[in-house]
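Peer 1: If you're matching them up, the sequences are chains R and S in order.
Heads up, the first sequence is in numbering that gives the first Met the number 0, so the first residue is 0 and it goes up one at a time.
Heads up, the second sequence is in numbering that gives the first Met the number 0, so the first residue is 0 and it goes up one at a time.
No lab work stands behind these hints, which were simulated from the structure alone.
Positions of the beta carbon are idealized from the N, C-alpha and C atoms, including for glycine.
Do not rely on the hints blindly, as some may be mistaken.
Where chain S lies over chain R, by a calculated footprint (3+ residues, C-beta under 8 Å) [what the hints assert, rightly or not]:
#, segment
1, 130-137
2, 164-170
Output of the computed footprint for chain S on chain R, the stretches with three or more beta carbons under 8 Å from beta carbons of chain S [unchecked claim]:
#, segment
3, 82-91
4, 231-239
Each chain, written out:
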Amino acid sequence: MHLFLFWAGYSLSVTDYRRPKVYSLCGSRFYQTKKKRWRDNLDATNRPDSVIDTQKHDSDPAFVRLRNPSTDAASLYMLGSGDVQLFEVKAFDEDFHSWFVGQTVQRDGRLLFVTPMDPLYLILPYLIKSGREGKFQPVDQVVMDEEFPACSRLLSCTRSLTSLHHITEEKEVGKLKFHRYSQEKTMDWLKKKVERTVIVLKKRNISVGERVKSTTYIRVKSESDYHEEDYLRYAHGLISEYISEDLSKALLKHLQLPELTSPKETEPPTKKRKLSDNPVEAGEDYTKFNSADFVRKPPKKMTAAQKSLAKVDKSGMKPMSSFFSPKVKSEKK
Amino acid sequence: MDLGPFERDNSVSCRLASQIPDVCRTEDCCLGIDEAGRGPVLGPMVYGICFCPVSKKQELKDSKVADSKTLTEAERENLFEKLDEAKSYVGWALQILSPNTISTSMLQRTKYNLNALSHDTAIGLVQYALDNGVQLKEVFVDTVGPADKYEDKLSKLFPGIEVTVRPKADSLFPIVSAASICAKVARDRVVKGWNFSEDLGGVDTDYGSGYPNDPKTKAWLLKYLDPVFGYPQFVRFSWSTAQTLMDSKGVTVHWDDDDEDGEKAAQRKNNKSMLSYFSASAGSNDQNPTHQTHRFFTDRRLKSLDTL
Numbered sequence: 000m001h002l003f004l005f006w007a008g009y010s011l012s013v014t015d016y017r018r019p020k021v022y023s024l025c026g027s028r029f030y031q032t033k034k035k036r037w038r039d040n041l042d043a044t045n046r047p048d049s050v051i052d053t054q055k056h057d058s059d060p061a062f063v064r065l066r067n068p069s070t071d072a073a074s075l076y077m078l079g080s081g082d083v084q085l086f087e088v089k090a091f092d093e094d095f096h097s098w099f100v101g102q103t104v105q106r107d108g109r110l111l112f113v114t115p116m117d118p119l120y121l122i123l124p125y126l127i128k129s130g131r132e133g134k135f136q137p138v139d140q141v142v143m144d145e146e147f148p149a150c151s152r153l154l155s156c157t158r159s160l161t162s163l164h165h166i167t168e169e170k171e172v173g174k175l176k177f178h179r180y181s182q183e184k185t186m187d188w189l190k191k192k193v194e195r196t197v198i199v200l201k202k203r204n205i206s207v208g209e210r211v212k213s214t215t216y217i218r219v220k221s222e223s224d225y226h227e228e229d230y231l232r233y234a235h236g237l238i239s240e241y242i243s244e245d246l247s248k249a250l251l252k253h254l255q256l257p258e259l260t261s262p263k264e265t266e267p268p269t270k271k272r273k274l275s276d277n278p279v280e281a282g283e284d285y286t287k288f289n290s291a292d293f294v295r296k297p298p299k300k301m302t303a304a305q306k307s308l309a310k311v312d313k314s315g316m317k318p319m320s321s322f323f324s325p326k327v328k329s330e331k332k
Numbered sequence: 000m001d002l003g004p005f006e007r008d009n010s011v012s013c014r015l016a017s018q019i020p021d022v023c024r025t026e027d028c029c030l031g032i033d034e035a036g037r038g039p040v041l042g043p044m045v046y047g048i049c050f051c052p053v054s055k056k057q058e059l060k061d062s063k064v065a066d067s068k069t070l071t072e073a074e075r076e077n078l079f080e081k082l083d084e085a086k087s088y089v090g091w092a093l094q095i096l097s098p099n100t101i102s103t104s105m106l107q108r109t110k111y112n113l114n115a116l117s118h119d120t121a122i123g124l125v126q127y128a129l130d131n132g133v134q135l136k137e138v139f140v141d142t143v144g145p146a147d148k149y150e151d152k153l154s155k156l157f158p159g160i161e162v163t164v165r166p167k168a169d170s171l172f173p174i175v176s177a178a179s180i181c182a183k184v185a186r187d188r189v190v191k192g193w194n195f196s197e198d199l200g201g202v203d204t205d206y207g208s209g210y211p212n213d214p215k216t217k218a219w220l221l222k223y224l225d226p227v228f229g230y231p232q233f234v235r236f237s238w239s240t241a242q243t244l245m246d247s248k249g250v251t252v253h254w255d256d257d258d259e260d261g262e263k264a265a266q267r268k269n270n271k272s273m274l275s276y277f278s279a280s281a282g283s284n285d286q287n288p289t290h291q292t293h294r295f296f297t298d299r300r301l302k303s304l305d306t307l
């Protein structure tokens with residue numbers, strides 16, 4: 000588990016994280032790795048003199064509820080070491096598990112992972128919303144949410160203000176900075192994220208091809224058999240967990256990946272198609288004038304079996320011949 | 000009888016055996032199989048074999064070995080002494096199936112019932128005698144399950160040996176009686192001196208006969224029920240007596256191979272009604288119909304949280 004989360008945190012950041020801090024939790028109990036001191040010292044040296052820096056520097060990490068950019072509902076995050084770092088909280092949750100912790104039993108076998116996350120993902124929805132007005136605004140006036148007042152704390156994260164230029168155009172008037180959401184910049188930024196994710200997917204040997212449900216299943220395909228598109232699509236799907244659906248679709252276009260049409264979306268027609276009693280004829284058929292017997296033969300009567308076959312709803316079915324044509328290769332990028 | 004090997008680790012199955020008498024390797028032998036401690040909810044089940052040359056049958060009969068159930072504990076100990084004295088022509092071997100072995104066999108994912116366990120243990124002991132060069136010609140067994148089926152099974156496994164499976168064999172054939180005495184004596188000693196591997200602190204050893212209907216046993220089971228762990232390994236968890244008590248007094252524990260049914264189980268397992276597959280939105284996430292978590296997370300059972 001740690002392995003996967005290591006890269007999840009790793010890949011979603013623009014600037015490289017040296018080592019993400021992985022906290023493991025059991026219920027409400029909270030354990031920290033020994034790396035904390037080291038990380039905090041490191042962060043302190045990297046910290047910009049933030050205007051909104053009102054939080055205590057060495058305060059304990061705190062769980063906060065913020066708006067999930069993908070679902071628009073509340074999700075749990077953690078702000079660490081005086082709000083300079085944002086972490087997302089994911090729970091490994093499977094049926095029929097529980098913990099023995101010291102001398103107690105914890106009923107759910109959940110394992111919480113607290114992994115570093117780029118705060119820009121959470122700031123982005125607010126910028127998009129205000130961007131519709133098309134005005135340059137101070138960012139602390141934009142990142143406000145009555146439902147989730149803690150969202151303003153995102154701006155004190157080390158990398159929030161310094162990386163805003165990835166998704167906005169900036170203007171500076173005196174000492175004040177103004178921002179306006181830029182779709183093009185955001186797309187480029189997200190594309191970079193996808194590309195970085197692809198690199199990690201390959202490095203970590205994540206299976207991106209056809210779904211493999213069993214871990215004991217041994218893949219015949221070697222990793223090199225996967226197309227670049229498979230990786231891109233998988234990475235796009237992962238990044239889409241952190242952005243809105245609209246943005247996800249736009250990103251798909253930006254990556255020049257064709258949208259997949261899943262077969263379950265095609266619903267069968269509500270009504271049976273009405274068949275005309277007349278035999279099907281070409282509207283303009285010149286061949287009959289060329290033939291020797293100019294007189295048209297009367298249409299043959301169909302047998303009962305042929306009639307019943309003709310009534311079968313063939314909509315959405317591929318013709319037989321399509322199975323024999325050479326496969327259209329998906330465009331390689 | 001040295002119970003040391005079992006007492007060192009009483010959570011597993013253990014074999015104890017006497018020396019093989021030399022005559023048994025040269026003369027045609029008969030062998031009796033019997034068990035002790037099939038019914039109790041406490042303690043091990045012990046399987047015993049006893050063997051001697053066919054020619055010594057009468058001597059065995061004269062030593063007045065009889066069905067262990069008709070004897071007092073002192074008489075049994077006495078007879079076991081006699082068998083030990085006759086070690087020049089009588090051999091025995093025991094398989095002690097710890098209560099833990101019984102519990103884990105019967106409660107494992109692919110169930111292994113007590114009859115199958117009994118049969119396999121008996122077969123194992125006969126094979127042990129054969130492997131040690133005992134010239135077996137006759138085998139007498141007290142039945143477990145249908146007699147003729149068992150007899151068939153054993154005859155096929157040991158061709159060339161005349162197998163007799165008979166109910167009450169322990170009172171009909173002296174060699175089976177001898178086996179039953181060995182088994183019973185071993186079980187009595189093991190139960191009396193049970194080493195609790197659990198830290199129970201001055202455990203009350205007054206648990207009666209160990210049979211489910213013994214009031215003393217019942218009282219003991221009630222006293223030593225832990226809401227989380229259930230019982231010490233001394234108790235056979237697979238016995239319905241133990242299970243009923245754990246179900247009513249202990250914490251509910253769900254296993255992934257529980258045969259649950261009813262609406263509650265379906266709800267807990269997040270099962271969908273069959274009908275839902277026919278509606279237009281089949282296969283969508285209930286919480287948010289537009290959002291479907293990426294398979295990276297669902298494959299790894301990772302979820303976002305909104306509260307701790």
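Peer 1: Each hint should be assessed against the structure and marked as holding or not.
Peer 2: Tested hints:
1. 130-137: Coverage by chain S is violated here, the residue count being 0 at a Cβ distance below 8 Å.
2. 164-170: violated (count 0)
3. 82-91: This one holds; 5 residues, not fewer than the three required, reach chain S with a Cβ under 8 Å.
4. 231-239: n = 4 at 8 Å, threshold three: holds.
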